[in-house]
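K.L.:
Reading the sequence shown from the start, the letters are residues 0 to 157 in numbering that gives the first Met the number 0.
Rather than coming from a laboratory, the hints here were simulated on the basis of the structure.
Watch out, some of these pointers could steer you wrong.
[What the hints assert, rightly or not] Distance condition first, Cα-Cα at most 35 Å in a straight line; then the derived DSBU-like pairs of lysine-lysine:
1. K98 to K43
2. K43 to K135
3. K98 to K156
4. K43 to K156
5. K156 to K135
6. K98 to K42
7. K42 to K135
8. K94 to K113
9. K98 to K113
10. K42 to K156
11. K113 to K135
12. K43 to K113
[Stated by the list, open to error] What follows is a set of in silico ranges between Cβ atoms, one per label pair, in the way DEER data are often shown:
13. T15 to P40: 23 to 29 Å
14. E109 to Y50: 25 to 31 Å
15. T32 to P69: 32 to 38 Å
16. D30 to P92: 44 to 50 Å
17. T15 to L97: 35 to 41 Å
18. L34 to F125: 34 to 40 Å
19. F79 to M23: 34 to 40 Å
20. E101 to L126: 14 to 20 Å
21. K42 to K94: 45 to 51 Å
22. H83 to K135: 30 to 36 Å
23. A73 to Y20: 26 to 32 Å
Just so you know, even glycine gets a beta-carbon here, dropped at the ideal spot from N, CA and C.
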Amino acid sequence: MLFRPRSPRFDVSSVTLNAAYLDMGYLLNADVTVLANFTNPNKKVHVDFSYLVVNLYYEDTLIASRAIYPFSVASRQTMFADVHMVTSQVRLPIKDSLKLTEQIQNNGIEFQLKGYFRTRSNLGSFLRYSYWLYGKCSIVVTALLVVVLVSRSCRTKR
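Take the sequences, apply the hints, and build the full model.
P.N.:
Right, dumping it as structure tokens:
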């Protein structure tokens with residue numbers, strides 16, 4: 000008998016952009032809150048997340064990083080994590096700062112969210128399987144007045 004558990008999934012349920020502006024034309028200040036969604040699609044397997052780091056990027060520049068406390072997800076359950084990220088005076092390349100200014104004026108800012116997760120699948124007390132998961136989401140939020148998550152695209156890989 001061969002049993003291979005399915006990988007948990009990482010997704011973004013909502014994003015709140017509390018502030019985003021450039022100082023001196025190239026220093027980014029932003030306040031972003033992400034509601035991350037961790038789903039265990041397995042029927043018989045519990046999943047433990049022991050090491051969780053979520054990084055926020057604008058283009059190729061890392062602008063914020065946050066660790067999440069370890070947790071477990073029972074079979075066919077979902078766990079939500081509120082991830083609050085604040086950036087202060089993060090230097091952007093000139094082309095990226097021009098692109099951000101244009102995106103703010105057009106009311107749609109695109110960020111990338113990358114997560115690294117150490118997970119362990121538990122099938123009872125006798126079978127445990129540890130592995131790393133890598134999640135990547137592209138998100139677009141509005142930039143003016145009412146902030147709305149316009150689009151998201153997420154993938155989770157082993």
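K.L.:
Each of the hints needs a verdict: does it hold here or not?
P.N.:
Results for each hint:
1. K98 to K43: violated, 47 Å
2. K43 to K135: With Cα atoms ~26 Å apart, K43 and K135 stay inside 35 Å; holds.
3. K98 to K156: Holds, at roughly 29 Å.
4. K43 to K156: holds, 21 Å
5. K156 to K135: Cα-Cα ~9 Å, so holds.
6. K98 to K42: violated, 45 Å
7. K42 to K135: holds, 25 Å
8. K94 to K113: holds, 22 Å
9. K98 to K113: Within the cut-off at roughly 21 Å; holds.
10. K42 to K156: With Cα atoms ~20 Å apart, K42 and K156 stay inside 35 Å; holds.
11. K113 to K135: holds, 4 Å
12. K43 to K113: holds, 28 Å
13. T15 to P40: 23 to 29 Å: At roughly 27 Å between Cβ atoms, P40 and T15 fall inside 23 to 29 Å, so the hint holds.
14. E109 to Y50: 25 to 31 Å: 27 Å Cβ-Cβ, so the 25 to 31 Å window holds.
15. T32 to P69: 32 to 38 Å: This hint is violated: roughly 21 Å between Cβ atoms.
16. D30 to P92: 44 to 50 Å: With Cβ atoms ~22 Å apart, the hint is violated.
17. T15 to L97: 35 to 41 Å: violated, 25 Å
18. L34 to F125: 34 to 40 Å: At 35 Å between Cβs, range holds.
19. F79 to M23: 34 to 40 Å: holds, 37 Å
20. E101 to L126: 14 to 20 Å: violated, 52 Å
21. K42 to K94: 45 to 51 Å: holds, 48 Å
22. H83 to K135: 30 to 36 Å: violated, 20 Å
23. A73 to Y20: 26 to 32 Å: violated, 42 Å
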